[in-house]
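Novice: Under the numbering used here, the first residue of the sequence shown is numbered 1, with each subsequent residue one higher.
Just so you know, these hints were derived from the structure itself, not from any lab. None of these values were measured; they are calculated from a predicted model. We put the beta carbon where it would ideally sit given N, CA and C, even for glycine. There's no promise every hint is true.
Ranges between beta-carbon positions, derived for each pair [to be verified]:
no., residue 1, residue 2, range
1, Gly55, Asn95, 18 to 26 Å
2, Lys35, Asn73, 32 to 40 Å
3, Thr6, Thr27, 14 to 22 Å
4, Asn102, Thr6, 16 to 24 Å
5, Trp74, Ala119, 33 to 41 Å
6, Tyr53, Trp74, 33 to 41 Å
7, Gly105, Thr6, 18 to 26 Å
8, Ala103, Gly26, 33 to 41 Å
9, Gly26, Gln88, 12 to 20 Å
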Amino acid sequence: MNINGTYKSQDGAFTLTIANANEGNGTFGGSYVSKYTPQGQQTFGVLAGIWNYVGNVTTPNSIAFIANIRPANWPYCIQDTWSGVMTQQGQILLNGVRSYLNADGTYVLSSLGTMPFSAQ
Numbered sequence: 001m002n003i004n005g006t007y008k009s010q011d012g013a014f015t016l017t018i019a020n021a022n023e024g025n026g027t028f029g030g031s032y033v034s035k036y037t038p039q040g041q042q043t044f045g046v047l048a049g050i051w052n053y054v055g056n057v058t059t060p061n062s063i064a065f066i067a068n069i070r071p072a073n074w075p076y077c078i079q080d081t082w083s084g085v086m087t088q089q090g091q092i093l094l095n096g097v098r099s100y101l102n103a104d105g106t107y108v109l110s111s112l113g114t115m116p117f118s119a120q
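With these hints in hand, go ahead and build the complete structure from the sequences.
Specialist: So this is what it looks like as structure tokens:
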């Protein structure tokens with residue numbers, strides 16, 4: 001199964017681009033865009049993407065990824081983590097959380113909710 005491609009959340013706030021998905025070891029890379037962060041819209045690199053098959057033709061894959069951004073001079077760090085299932089080819093249902101840490105020690109931990117993503 002090829003999962004490479006761009007997936008957009010139902011509300012349009014998040015976009016995941018999966019690249020270099022490897023069926024052999026169940027990994028992928030890519031990028032991730034969040035329109036809403038404490039620092040405005042951000043484009044993140046996908047640090048770790050994981051996907052695994054199960055023996056079910058209806059819901060064939062579990063999927064998870066961590067996306068992180070920390071600009072030069074380290075003024076802040078934002079880490080979004082999403083986990084879920086590919087409910088069918090081109091459709092992913094994900095649940096997300098975020099940690100935000102500012103250089104002054106301010107932090108926010110939040111839920112990004114459960115969101116359907118669709119291939120574009």
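Novice: At the C-beta level, are Gly55 and Asn95 separated by a distance inside 18 to 26 Å?
Specialist: holds (23 Å)
Novice: 32 to 40 Å was suggested as the range; check whether the CB atoms of Lys35 and Asn73 agree with it.
Specialist: violated (24 Å)
Novice: If I claimed the Cβ atoms of Ala103 and Gly26 lie 33 to 41 Å apart, would that claim hold in this structure?
Specialist: holds (35 Å)
Novice: When you take the CB atoms of Thr6 and Thr27, is the distance between them in 14 to 22 Å?
Specialist: holds (18 Å)
Novice: Looking only at beta-carbon atoms, does the pair Trp74, Ala119 fall within the given range of 33 to 41 Å?
Specialist: 35 Å Cβ-Cβ, so the 33 to 41 Å window holds.
Novice: Does the Cβ-Cβ separation between Gly105 and Thr6 fall within 18 to 26 Å?
Specialist: With a Cβ separation near 36 Å, Gly105 and Thr6 fall outside 18 to 26 Å, so the hint is violated.
Novice: Range hint 33 to 41 Å: satisfied by the CB atoms of Tyr53 and Trp74?
Specialist: holds (38 Å)
Novice: A range of 16 to 24 Å was offered for this pair. Does it hold for the Cβ distance of Asn102 and Thr6?
Specialist: Distance hint for Asn102, Thr6 is violated at roughly 30 Å.
Novice: Return holds or violated for the Cβ distance of Gly26 and Gln88 against the range 12 to 20 Å.
Specialist: Taking Cβ atoms as reference, Gly26 and Gln88 lie about 19 Å apart, which means the hint holds.
In this structure, the hints that do not hold are numbers 2, 4, 7, in rising order.
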